[in-house]
Every structure is written in structure tokens, then in C-alpha cells.
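S.K.: Take a look at the letters that make up each chain.
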Amino acid sequence: MPNIKIEDLARIQEQVRHTTLLREGAGRAKITVHMGTCGISAGARKVMDALLKVFEERDIKDIILTTSGCAGLCSREPMATVEIAGQAPVKYVDLTDTKIREIFERHVMGGKVVTEYALAYGSERTH
Amino acid sequence: MDTQNLETIIRKRGAHPGALIEVLLDVQEKYRYLPPEIVEKVSRELTVPASWIYHIATFYNAFSLQPRGRYCVSVCLGTACHVGGGVKILEKIERDLRVKRGCTTTDLDFSLDEVHCLGCCGLAPVVTVNEDLYGKVDLSHVPRILKKYTTKKVGVEDA
Amino acid sequence: MKPYRINLMVCAGTGCVANHSFEIKKALEDEVKKRGLENEVQVVATGCNGFCAEGPLMVVQPEGIFYHQVTIKDIPHLVEEHFLKGRPVQKLMYVPPDAKAPIPKMSDISFFNRQMLIALRNRGLIDPEKIDEAIGRGAYSALAKVLTAMTPPEVVSLIKASGLRGRGGGGFPTGIKWETCRKAHGEPKYIICNADEGDPGAFMDRSIIEGDPHSVLEGMLIGAYAIGSHHGYIYIRQEYPLARERLTIAVQQAREYGLLGDNIFGTGFQFDIKVARGAGAFVCGESTALMASIEGRVGEPRAKYIHTVEHGLWNLPTCLNNVETWATVPEIILKGAEWFTSIGTGDVSKNPWGGSKGTKVFSLTGKVKNTGLVEVPMGITLREIIYDIGGGIPKGKQFKSVQTGGPSGGFLPASLLDLQVDYEQLTEAGSMMGSGGMVVMDEDNCMVDMAKYFLAFTQDESCGKCTPCREGTMRMLETLERITQGKGREEDIQLLEDLSQFVMDASLCALGGSAPNPVLTSLRYFREEYITHIRDKKCPAHVCRELNVYTIDPGLCVTKGHGCGVCRRQCPENAITGEKNVAHVVSQELCKKCGVCYDVCKFDAVKVA
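Residue numbers (this note's numbering), protein chains in the order written: chain F, 1 to 127; chain U, 1 to 159; chain L, 1 to 609.
These aren't lab readings, by the way, just hints derived from the structure by calculation. We put the CB at the ideal spot given by N, CA and C, even for glycine. One or more hints might be untrue.
What the hints assert, rightly or not - Selected chain L positions facing chain U (in silico; Cβ < 8 angstroms):
| # | residue |
| --- | --- |
| 1 | E197 |
| 2 | R277 |
| 3 | G280 |
| 4 | V298 |
| 5 | G437 |
| 6 | V439 |
| 7 | M441 |
| 8 | F457 |
Same shape as in the complex, but just chain F (with noise of 0.2 angstroms):
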């Protein structure tokens, strides 16, 4: 990889919204499991695990599946969000592996949010 110029930067950007923020042809759902030392010893793993074995099983393409940071709510741990493309995103917390497959059945492939796993929709306010 060369250097990256400056004009580069634009460039990712771009590219990094085509691939991550659900755009045409990139995916229509993206599952974040939020990684952080927190999550991991609460349990992250195992759902990273989980969600794996299902993309693996029915050979899912069309889904984005990826990690995180720490999204401090570190009591509810572990945390994943479920975004699908055109809504907004679903925060679910106190995750197993039982309840992220749930999840993966009824809001990814079956569109409906997951109410009682659910903790909130939409993102942080930042500054």
C-alpha cells in the first residue's frame, strides 16, 4: 500500500460509506457486536460465535456482519446493534447466544425489532 495522499482521505470516506452505511449493493443489514474487554468477558463472544454459525449455515452474503468498541453501557453487556438498510438502528442488550439467533430469525431475516431484547432505536448524539 502506498502513502495516502490527502485527497485520499475523500476517497475511503467514500468508499467506507458505500461498503458500512448500507448503501444499493452493499448489503441490507448490518449486526455490530460491540467488542470491547467488557463485552468479551460478559459474553460477546459467544454471540459473535452464534451469528457466525448462522451466516455460515445458510451462506448469508447480503448482510453485514462486524465488530465494535465498547458502547458503554457496560451493566447491559453484551450489546449488538441491528441496523436494516433505510431504518434505523436497533440496540439490543444482555445478549446470549440463544437470544441473538432469535434476533437474527425475527428482525434481520423476518424485519420485526425484537422488543424485549431491544434497548433503544437510533444512534448517540455526538458533538
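Once you have looked at the hints, place chains U and L on chain F.
M.R.: Same frame as chain F, now just chains U and L:
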């Protein structure tokens, strides 16, 4: 004493005094303590007096001059864990493993330590065994956690 | 044109128009005018929302609240409740099918909506192991800005004007540190990121590195450019393996992109970073001890009259800031000093110590419902943090105290809950900002025990170089132990106060200089607890176990527990006798007061007095 590992470590970190702490950390990880033969060799290779190495080894908590157990059990006693009853967990493990904090079981299976804050206070009280981290630990979880690492009988189960 | 506080986006697509959305728009405008809100609320007709089955639809911006099936008669209520009183109307909000209650918005969750994210701006949004995602959220654009459009002195002045102060504890103005280091003689100069987050109860630096490592690298790059440094170190605790791994990956990826190394962005600027591991010594969070540790020596602090900005690492000019400070820098560069000074308390325009600007991250732990990391504007009150964000004390217990600033900080009582959190006010109350640990305690916590806890920590972590710290904290700890064991003497309180003063006055570094703070504040605000321990030999919270007496209620033991025997089997001293269906008894002679019986009894039959 096998010094193969040490050579790899020194090649990676560099044979100069500035690399001392990094080298010792790797040695500790590989050998589970700082064996005297290794200290001597580090002293020669990095051109640091052995007395200096022992000064470092006794100052920093990461180093041990005695062999450590295969499983290092660390009970967090950071503030949140203290408030959440970490001391009782520690005492329970002391009883179950029949070993005092800071010591290693005679079969070299377990070392038990108290640590100050592992940085996951939201999950207090916290216990780690090597790389595995257990949060919101209750007295009754202790035997179950320890059993994962040994086939021997540990503790009283019905707590 | 004056912006409106609220925009009402009323759907005027064909479907909604058929559902009278024009009449609704008109009715809304009338109602808004009637309430005198016409300068604040604007009603806008929009194109089709695509959700025609639920029409007529209305979206309230900027909140993003979605109302459906709105009728003319709902409007007076809606305007009054939502736009006048700020309470969205539940019954008109869209309920997804199959759902009993609508799930709230992130910005409705009090844990999140009082927070203001600057240092944590990317939390939960990016994959920390992919530099592209960080760039996608704007990383390295502040670096691009300083390298192309600002001179190093301009960068320093901007940081100075922003009033940014060190987030690691002392609150030294960052801009002044940079300026002094920039002017210092000696080459090369070093940049250090202190990621040796040792305060028990603080974990924001770990979280920033684990979630957004590039924000730290970018901050350091900007600092390096401002100061004229080409070499940086990140000194990270050995106890944070995941953070170290992600940091190492981030450094590697930044190098591959040429964001570290020679000729960054083709501007000729060069800078590279090494990641150094700590080896488990709390004192290495002190800047001079940290530098000694990087040099491969024992981490003993040295006198501060030799400034590290002039004679630091390898005796050369060194600028050290902590993780949170570095992570804040790029945002200030992008948004300007004026934006940053608009947040927080005081006035820094003339005196850099004159206020606390921006936000601070706290790790909120202990006896609160919501624990976690919170980033809040300076000047927020303790009550807002603990009750609004933290959700208050669990299990209906009574708030007793909040400890801020870790082992160097102090305990604050309920009477100070309305204290505004900033550097000055916390210090005045006897505590400090510290690295931002915030541990809440309830009625079940004993303040003497907590003071002893912190002192045991600093005593253990004292490097031993200065006698006042090494010996003084030891004697103080012995005194506290005596008190918690029921052997306290009347004069012990005075003794603790005298020793505290002495340790603070005569220690070289801040570890000793602040170690007595927990003792002094607990004496200042909770003196009666000490007196109860000393005079009555009682611990009101039943924490100091030597002062407890454990007994078993024979009635409960038999009727509820049927003499289950768990306590008898668990008692390490074999001090409990009894059998099935017979009340158990604790032998007071054999009892070592470990409290196991109390913890294991499922029937509350074990009593403590």
C-alpha cells in the same frame, strides 16, 4: 534449562539495555517466572548487571522469581470489585484451592493473586484465569469456575 | 434566517392527503400559533414517506419521532404535550406490528441522552481494527488540516485557546505544556501517550483504545507536528491485552497508509510511534516514573522542579498526555477553540487555569443501576450523573457517598450532590478530577473501610523512594486497621490528620501527595462513622467484620431452612453446629467472622449485629 525461547525473545526485542523490561515480560510469559539461569543470560546478552535485573524483577508486579502455576487466578480488588464484595470471592478461592494470595499450589496448577482493577468495573466483581475473564462472580460460581481448569476436587460445592 | 427549534414534517403524499393531511397541517399551524410557538415550530409538507398504510404520518425533527394516524382532534393535546412540555405522545407513536410497547429512541434513554461525546465520538460505530472505518468517520482529517493549513505555533495557540486541560488527573493546561516543550532546547523531542491507566475504577482509556485507537494516534501526530517531534511512545498497561493488540494493529495500519513514518501526506513531516508495555506498577502512571520505565529502569518518580517538557525521556524534551487528552485534540482542531470553550465552566480566555472546558469521560461504577462509561460536559452536577444517567441506587438503598478521582481523590457526601463537576470545584471539596473514576456507595458501604481500602492500595503501590510516603502511608494504614478491628483509640483521628498532612507535604510525587485524600475526606464528611467504630466498637454498615457478631435465628433456620446445613458445611472454622431440622448455632469462640454463613444462607436466618 532450555534457552531456545530466550534467543527468539532477544532477537525480537533487541540485545540492548533499553529492551530489558520487554525481554523480561516475554520471559515471564514463556517460562512463567524468571529462572536464575535465564536472568544470568539476559544479563550477559543485554549488558545489564544481574543485580539491576533483580531490582527490576522485584519492583514490578508482573515478574515472579518463583515458578507460577499453569493457571493464574487473579481476583480483581479494584474499587468497584471491592465495593461489590471481591474480598469474599478471594477468600473463598483461598479456601477452595487451599492457597494464600500471592502463592502457588504445590502441584503448580494454580497461582492466586489479587489485582487492582482490570478495567471492567461494570462487571464487578471480576475474576480472571489466565486469559479468561469472569464477571459478576458470585460465591456460588467459584467452584464451577475452578473446576474448568482442574480434574481435582476443589472447594465445597453447595454454596 | 432564524432556525426553528422543531420542524414538523407532515407527509403530503397522495396516500396521506387522502387521509386529510392538509387539514391536519392547517390545524397544526393554527394550534402552534395559538400557543405562541410560531417562531419555534415550523410545519413542513413533505413528499411520500412510503408508509402509506399508517397515514397520515408526521415526523418531528430533529428528534426523529414518528407519529402515525394523527387526527384533527389529537392536535391540541399533541402540541401542548410534545412541543410545549417536551413530552412526546406515546399513543400516537408508531408501534411496530407484534410489539406491545414502542421501544424508545437512543436519545430517550437517560443513560445516553445526557451524554455529549467528544473523546468517545466513535464508540460503537466503527470496527477498531479497520483504519478505513475510522477514516470514514473523519479520522486523520484534522491531521490533514494542520499539516496543510496551519503552522506549528498556530496549532499550539489553538489548543491553548481551547482551554483543554490534561484528562489524566492534574488538569494541567495542554496548550501551555505544548508551548513549553516546543520552545525547549534539545533534540530529538519525544511525544508520549500515557495509557498506564492504573486508578482502580477507571477504564475510559482502555475503552478509547479498544474502540477508536486512531483518534489517539491522530492526536499524537498533531501534537508531534506542533512541538516538532518525530518519535512517540505509547506506554500501555500490561493488564490490557486487548487494548494493546488493537493499538498495535492500528499503528501497523497507519504505517501502511503512510500516516506514520516519513513524509506523511507528502508534506515532509515524519513521525513514528512505538508501543511500550508496562509491567504492573501503579506508580508508572506518574510521568517521570513512566519515562524511567520506558528507559528500562525501575519506575521511581523524581523531583518535579526539573520539568519533563525540558528534561524528560532520555533527558530530552518530552510532551506527555494521556489517552483521553490525545483523543480530544483532533476534534478541537476540526471544530475550533470557540466550540470547545462553549462547553464547560469558567473562562479560559485570560487564564488557562480559569475554567474547565469541554467534556470529561467518567467510569461510573459501584452502586448505581447503569454502570458504564459516560462522557458529560464539564459543570454537570454529581446528581445528574448518578441519578439521571446512572439511574440512581439499585434495590431501593440509600445513597451514601460518591468517590471521584481514584486513590488520589476523595469521598463526597449526599450534601454535595449538587456540586458541579469541574477541576476547581472537586478540588475545593477535597477530592479531585483524577482520571475520572466515579464509584458510588450506598448505605451498605463503610466509609472507614473504604478509606482503608484506598490507603492499602497506595501503601502497596508506593514505590518506596521517599520515606514519608513509604512509612507514612504504612502507619496510617495500621491506624485504620486498628480502628476497623475495634482497637481504635480516641486520639487516632487526630493522629490520622497529622500523618496525612505530613505525607502530603513531604512526598516527592503526586502518589504520596494525594494518597491521604480518601482519609481526609472521609474524616471531613463522615467523621461520626469513625467515632462509632472507635467508641462503640461497631460498624454501622456491618462491613468491618471483626466488629460483627454472627448468630442464627433458630426459628427461621428450622421453619424456613429445615436446618439445611449449608452454613455448617461452608464454615471454614467448623464453628457452626446443627443437623437436619434442628436449629444451627454459631460458636462465638470459634467464629473468625469471615461472614460466609451470612452470605450462603438462602433463608436470611443468619443475623449480623
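S.K.: All hints, please: hold or fail.
M.R.: Against the structure, the hints come out as follows:
| no. | hint | result |
| --- | --- | --- |
| 1 | E197 | holds (7 angstroms) |
| 2 | R277 | holds (6 angstroms) |
| 3 | G280 | holds (3 angstroms) |
| 4 | V298 | holds (4 angstroms) |
| 5 | G437 | holds (7 angstroms) |
| 6 | V439 | holds (5 angstroms) |
| 7 | M441 | holds (6 angstroms) |
| 8 | F457 | holds (6 angstroms) |
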